[in-house]
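Build out the structure end to end from the sequences listed, making use of the hints.
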Amino acid sequence: MADNRISGGDNSPQNKIQVRNLKKNFGSLEVLKDISLDVAEGEVVVLIGPSGSGKSTLLRCLNQLEKVTSGQIIIDGQDVTDKHTDINKVRENIGMVFQHFNLFNHLNVMKNMTLAPVHLKTLSKEEAKVKAQQLLERVGLGDRAEAYPSQLSGGQKQRVAIARALEMNPDIMLFDEPTSALDPEMVGEVLAVMKELAREGMTMVVVTHEIGFAREVASRVIFMEGGYIVEEGTPDEVLNHPKEARTIDFLSKVL
Amino acid sequence: MMTLIQTYGSMLIRALGQTILLTGLSLIFAMIIGMIFGLMNVGHNRVLNLIGTIYVDAVRGVPLIVLAYFIYFGIPAGIQSIGITGFRMNALQAGTIALSMNCGAYMAEIIRAGIQSVDRGQMEAGRSLGLSYSAGMALIVVPQAIRTMIPSIINQFIITLKDSSILSVIGFPELVNVGKTIMGNTMKCLETWAIVGIMYMVVIITLSKVSKKIERRVNRGR
Numbered sequence: 009m010a011d012n013r014i015s016g017g018d019n020s021p022q023n024k025i026q027v028r029n030l031k032k033n034f035g036s037l038e039v040l041k042d043i044s045l046d047v048a049e050g051e052v053v054v055l056i057g058p059s060g061s062g063k064s065t066l067l068r069c070l071n072q073l074e075k076v077t078s079g080q081i082i083i084d085g086q087d088v089t090d091k092h093t094d095i096n097k098v099r100e101n102i103g104m105v106f107q108h109f110n111l112f113n114h115l116n117v118m119k120n121m122t123l124a125p126v127h128l129k130t131l132s133k134e135e136a137k138v139k140a141q142q143l144l145e146r147v148g149l150g151d152r153a154e155a156y157p158s159q160l161s162g163g164q165k166q167r168v169a170i171a172r173a174l175e176m177n178p179d180i181m182l183f184d185e186p187t188s189a190l191d192p193e194m195v196g197e198v199l200a201v202m203k204e205l206a207r208e209g210m211t212m213v214v215v216t217h218e219i220g221f222a223r224e225v226a227s228r229v230i231f232m233e234g235g236y237i238v239e240e241g242t243p244d245e246v247l248n249h250p251k252e253a254r255t256i257d258f259l260s261k262v263l
Numbered sequence: 076m077m078t079l080i081q082t083y084g085s086m087l088i089r090a091l092g093q094t095i096l097l098t099g100l101s102l103i104f105a106m107i108i109g110m111i112f113g114l115m116n117v118g119h120n121r122v123l124n125l126i127g128t129i130y131v132d133a134v135r136g137v138p139l140i141v142l143a144y145f146i147y148f149g150i151p152a153g154i155q156s157i158g159i160t161g162f163r164m165n166a167l168q169a170g171t172i173a174l175s176m177n178c179g180a181y182m183a184e185i186i187r188a189g190i191q192s193v194d195r196g197q198m199e200a201g202r203s204l205g206l207s208y209s210a211g212m213a214l215i216v217v218p219q220a221i222r223t224m225i226p227s228i229i230n231q232f233i234i235t236l237k238d239s240s241i242l243s244v245i246g247f248p249e250l251v252n253v254g255k256t257i258m259g260n261t262m263k264c265l266e267t268w269a270i271v272g273i274m275y276m277v278v279i280i281t282l283s284k285v286s287k288k289i290e291r292r293v294n295r296g297r
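First to last, the sequence lines map onto chains U and V. In our numbering, each residue carries its 1-based index in the first sequence increased by 8. In our numbering, each residue carries its 1-based index in the second sequence increased by 75.
Careful: at least some of the hints might be erroneous.
[Said to hold, decoys possible] According to the in silico footprint, chain U covers these stretches of chain V (three or more CB under 8 angstroms from chain U):
#	segment
1	134–143
2	188–197
3	203–209
It should be emphasised that the hints constitute simulated quantities derived from the structure, not laboratory data. Glycine residues also receive a C-beta, built at the ideal position from the N, C-alpha and C atoms.
Take a look at the structure:
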């Protein structure tokens, strides 16, 4: 159903992400069946759907944490499914935030943030530190640079994880259920950071169960089930006036 | 007992030195072997996985004494039988190879288990920032794995130190071999083996005390 959008968007420079006929199998299990999707610069796309619908897998295919079975994914004009593409280079421009934060447990907050840019020489050690401090201030954790992950709350860990991804100066951010592992009272602080990012024009793809966030921030909501995109449109279209029976059924359970 | 120590003390100390030399060399090589095969086994390359598995299974499946005989007597005989003469290996060389191979196989398993104990998300987070697999291993996974590996590694060091006594069978002049000589000369079985036993014990208890210290220091940052 997303296919009829292709003709308009092909190779147009404002498309940060282009997914064409993506299929992904885990063994004999087909997780993604035929996904095509464009994400324009500055767009915030929110993926919703029941667990097992393939939304996290789709997200993880975008930066090739999962290898695709077939199909094409083009990020900033580069085909990441092509073996000759330097995927590490592409990933420098795609930040990812994980459900379980995945902070480096053996390093303090500052080192968590500066490790990649210093190792990859995108920033000098001093530049990386200054930038990290600025980003920590921005996410409200300017005083926790020396703390170890084990000394932080879940919400703080996730804000550090977002800041760590931003330290690489990405132009796309992927969020894989960023608030699902948080205690309810910490969800707000993480969503607030994400909202600010969206306001600043970051291109974002977000897998979440936070329908409220989708309604408020998304430029587009995509409902997935069974490895297909079932329905997509503005938050108002998909969340308030869903057309597909499966979308209606899902929303009736989560709203 | 005192006369035994007076007469054979320096000989026993030298033998202990040989034991420590053999064990020390073997541990260094075993760490390298263990690192190589351990990393082979955690990667996703099937050929490397297979090589790693074969090594570990083959070496663990053979008693150290058989491995020592095979390397010390078997290999030179084999080389001679294909017409190359003059190949020689001394007991230290053969002993170091046998002990390194043996300890290396166990070390590979310790390293594999240690690396696999680190949450997959750690590597994924590193890769998502643009780090290569090897950078992710070196900077993120291995430093965390080492913490969980240290007790097992020290334990393996102790086992290998004790196993070095098996190399008395190929005539290497380590502690047990010298103990046998002294027993043969003096017929003082009780005293001789008590002294040899205590010498091992002193070294091993020192080693475990040091390891406890290292463990505490490494865990402090957690």
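Hints and how they fare:
no.	hint	in the structure
1	134–143	violated (count 0)
2	188–197	holds (count 3)
3	203–209	holds (count 5)
Consistency note: the structure conflicts with earlier hint 1 alone.
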